[in-house]
Structures are given as structure tokens and as C-alpha cells.
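Number of protein chains: 2
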Amino acid sequence: MVVANTGPLTLEAFLALPETKPASEYINGQIIQKPMPKTRHSRLQSKLTETINGVTETDQLAYAFPELRCTFGGRSIIPDISVFLWQNIAFDANGEPLDDVRIPPDWVIEILSPDQSANRVTGNILHCLKHGCQMGWLLDPDDRSVMILQPQQPPELVSGDEKVPMVGMLPLELTVAQIFGWLKMK
Amino acid sequence: MVVANTGPLTLEAFLALPETKPASEYINGQIIQKPMPKTRHSRLQSKLTETINGVTETDQLAYAFPELRCTFGGRSIIPDISVFLWQNIAFDANGEPLDDVRIPPDWVIEILSPDQSANRVTGNILHCLKHGCQMGWLLDPDDRSVMILQPQQPPELVSGDEKVPMVGMLPLELTVAQIFGWLKMK
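Chains as they are written, first to last, in the working numbering: chain A, 10 to 195; chain B, 10 to 195.
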């Protein structure tokens with residue numbers, strides 16, 4: 010996690026810079042590089058993306074994009090998973106999604122990495138909620154728990170066999186144990 | 010952070026065990042040892058404790074206890090700092106505080122360590138708020154920010170020159186920058 014003190018760099022100037030690897034976010038005028046994803050993070054991210062899209066794509070309800078840059082409200086962030094309701098995805102004439110996303114996801118999922126600042130990640134989720142996002146999940150693999158963040162509501166921590174609250178219209182039911190159960194690969 | 014799967018150990022059985030170092034907490038039936046505190050953590054903890062008590066002790070408004078075991082609502086936790094309003098501190102006939110604390114602090118402060126599960130710490134703060142605590146602070150030294158948690162309210166992230174919300178009656182004003190400024194010792 011590199012924090013560069015960039016002085017007066019504007020959001021638009023930041024967006025004109027070449028992408029880095031891992032990608033960098035623009036938060037409160039600072040450029041902050043995301044941590045290098047590790048195996049458990051990658052596993053949870055891919056299984057969740059696949060599971061969500063498995064029940065939402067065919068009926069064109071929603072789509073979960075991993076590592077999608079979303080720029081709105083003065084920040085440019087890259088949630089681990091950004092889920093957009095289908096009607097909120099902008100397409101071109103060929104039906105391909107537009108690259109430049111200037112709205113918050115409807116549902117944002119972040120998976121904490123050991124070397125990641127928890128408040129910074131939570132801060133990004135709160136930024137999404139403030140700008141129209143309906144639901145934030147903060148997964149902590151070390152605690153086997155999910156912090157649920159919703160607009161105007163106190164946070165809720167769910168674990169074990171508890172069901173994870175879901176964005177209203179999505180036909181998906183998951184328990185916390187099911188999600189972290191995906192970590193066990195053999 | 011050692012997580013022992015303790016099976017059916019009860020809270021009272023846990024409390025009868027000898028204390029460990031670092032201390033262990035009892036959360037949802039599991040015994041979880043706190044991480045070994047590091048220098049920055051220790052510095053913030055001591056400066057905050059000293060600063061709070063500097064304005065609250067003389068007038069017997071409140072007292073900030075570092076590393077105090079608080080047992081209530083089925084958990085036994087040891088917040089980094091537990092602040093009790095003076096009238097909520099139980100004293101013996103000699104005016105000495107009783108050792109066995111069975112109520113939540115009025116204000117709880119946690120300082121994230123790099124090797125600590127963020128959701129577990131936030132979960133402990135939420136447990137306090139659910140049982141009557143008025144205010145929770147979650148300091149993240151890596152983000153130079155404080156997450157503010159209050160009953161029935163969405164979390165709020167404060168940073169830089171923003172004032173940190175305070176428990177109503179305490180005559181203390183601090184900005185986030187002041188708090189993390191204490192890390193610079195020379």
C-alpha cells in the first residue's frame with residue numbers, strides 16, 4: 010500500500026495517468042495503490058463473482074464486475090467486486106458495456122487483505138453508500154465474518170450460519186459459512 | 010492472534026482460567042488472544058488515556074482505563090481504552106475501583122494493529138454499543154483516520170483536521186490530526 014503525497018493533483022489528472030499494477034485509487038486527493046492480492050483474496054473474489062453472476066446474468070438482473078474502476082463523488086476507486094443492477098449498466102450500440110464508469114455500484118464487496126488499512130476500505134464503502142449504493146459487504150477472512158453496511162443504518166456483523174443480507178431483488182441466499190467455506194479447496 | 014476452538018467452554022469457565030499475556034477475550038464462545046501491542050499502538054493508547062484523564066479526573070467526570078477486562082452480554086473483552094463516566098465506576102468502601110467489571114464502557118476506543126482482524130474489533134465495539142455504550146472509536150494508524158460508531162447510527166470516518174465526535178458531557182476537543190500527531194515523538 011503506497012501512499013504518495015501528490016499535492017494538488019486533480020481527479021481528472023489522476024485519471025489521465027497510466028494504470029498501475031496493482032491498481033491505484035484516488036481518495037481525498039491522494040493516490041493510494043491497492044495491495045497485491047493474495048490467494049485467499051483471489052479465491053473469495055472469483056467464487057463470489059461467479060456465484061452472483063450465476064443467478065443474475067441470465068435474467069439480466071445484475072452483473073458483478075471484479076476490479077472495476079468506478080469514479081464518482083470526487084473519488085476513483087476499484088472495489089474488489091462491483092455489482093450493478095442491469096438497468097444501471099451503460100452499453101454501447103453493440104451491447105458492450107462502456108468502459109468509463111461514473112456511478113457507484115449498487116452493491117459493493119470488499120475483501121480485507123492482511124496488509125490493507127481497514128478504515129480506508131470501510132471509508133470507500135461509506136463513500137459508495139453516500140452516493141447511491143444500496144449495500145456494502147466487508148469480508149474479513151481472518152474473522153470469518155462479513156460486516157454489512159447499508160445507507161443510514163448502523164453496521165451489522167454476521168458470521169457462521171447467519172444469512173448475509175442481500176440487495177432486495179437478487180435471488181441469492183448465502184450464509185457466511187458458505188462463503189468462507191469456499192476457501193477450503195480440497 | 011490465536012483462535013482456539015474451545016468447544017463448549019462457558020463464559021464463567023473462561024473467567025476462571027488464568028490470565029494470558031497478551032490477554033485473551035471470550036467472543037461468541039471462542040477464546041481469542043489479543044495481538045502483542047507494538048510501539049505505535051502503545052504510544053497512541055498511553056497518550057489518549059493521559060489526555061482524557063487530564064480533563065476528566067479532577068472533576069470526577071470520567072476515567073479512561075487501558076486494558077480493562079469488561080464482561081457483559083455474554084462476552085468478555087478487553088478494549089484498548091475503556092472510558093467510564095464517573096457515576097458508572099463501582100468503588101469499594103475505601104474508594105478503590107472494584108476489579109470485576111460487568112458493564113460496558115460508556116466510550117470504547119480501539120486501535121487497530123496490523124495483525125488484528127478489523128471485523129473482530131469492530132464487532133466488539135458493536136457489542137458495546139448494543140449494551141449501552143454511547144461511543145466507539147476505531148483508530149487506524151495506517152489510514153490516519155478514526156471510524157466513529159454510535160448506537161443506531163451509520164458509521165462515520167473522520168480524518169485530518171476534522172474534530173472527533175466526543176461523548177456529550179466530556180470537555181475535550183481533539184482533531185484526528187492531533188491524535189496521530191502524537192506518533193511523532195521527536
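What the hints contain is simulated information worked out from the structure, not anything from laboratory work. One should not assume that every hint holds.
When the alpha-carbon atoms are kept at most 30 Å apart in a straight line, the in silico BS3-like pairs for lysine-lysine are as follows [unchecked claim]:
no., chain 1, residue 1, chain 2, residue 2
1, A, Lys30, A, Lys193
2, B, Lys47, A, Lys47
3, A, Lys139, B, Lys139
Cβ pair distances, simulated, as ranges [claimed, not checked]:
no., chain 1, residue 1, chain 2, residue 2, range
4, A, Lys172, B, Leu183, 35 to 43 Å
5, A, Met178, B, Ala22, 43 to 51 Å
6, A, Trp191, B, Gln96, 43 to 51 Å
7, A, Asp124, B, Lys195, 40 to 48 Å
8, B, Val64, A, Asp68, 24 to 32 Å
9, A, Lys47, B, Asp101, 49 to 57 Å
10, A, Glu28, B, Glu165, 51 to 59 Å
11, B, Glu182, A, Gln159, 36 to 44 Å
Idealized CB from N, CA, C, for every residue including glycine.
Worksheet item: Keeping to a limit of 30 Å between CA atoms, is the pair of Lys47(B) and Lys47(A) held or broken?
Response: 25 Å, holds
Worksheet item: Does the hinted range 35 to 43 Å hold for Lys172(A) and Leu183(B) at CB?
Response: For Leu183(B) against Lys172(A), whose Cβ atoms are near 39 Å apart, the range 35 to 43 Å holds.
Discussion item. Assuming the hint says 24 to 32 Å, is it satisfied by the Cβ distance from Val64(B) to Asp68(A) or not?
Written reply: 59 Å, violated
Worksheet item: When you take the CB atoms of Glu28(A) and Glu165(B), is the distance between them in 51 to 59 Å?
Response: Violated, since Glu28(A) and Glu165(B) (Cβ atoms, about 31 Å apart) do not stay within the stated range.
Worksheet item: Holds or violated: are the alpha carbons of Lys139(A) and Lys139(B) at most 30 Å from each other?
Response: 24 Å, holds
Fill in: Outcome of range test on Cβ distance (Lys47(A), Asp101(B); 49 to 57 Å)
51 Å, holds
Item to complete: Could you see if the CB distance from Met178(A) to Ala22(B) stays within 43 to 51 Å?
Response: Holds, at about 46 Å.
Worksheet entry | 40 to 48 Å as the expected CB spacing between Lys195(B) and Asp124(A), which holds or is violated | For Asp124(A) and Lys195(B) the Cβ distance comes to about 27 Å; the hint is violated.
Worksheet entry | Verdict for Trp191(A), Gln96(B) (Cβ pair) under range 43 to 51 Å | 49 Å, holds
Worksheet item: Between Lys30(A) and Lys193(A), does the CA-CA distance stay at or below 30 Å?
Response: The hint holds at about 28 Å.
Worksheet item: Measuring from beta carbon to beta carbon, are Glu182(B) and Gln159(A) in 36 to 44 Å?
Response: Hint violated: Cβ distance 31 Å, outside 36 to 44 Å.
Of the hints listed earlier, those the structure fails to meet are numbers 7, 8, 10, 11, in rising order.
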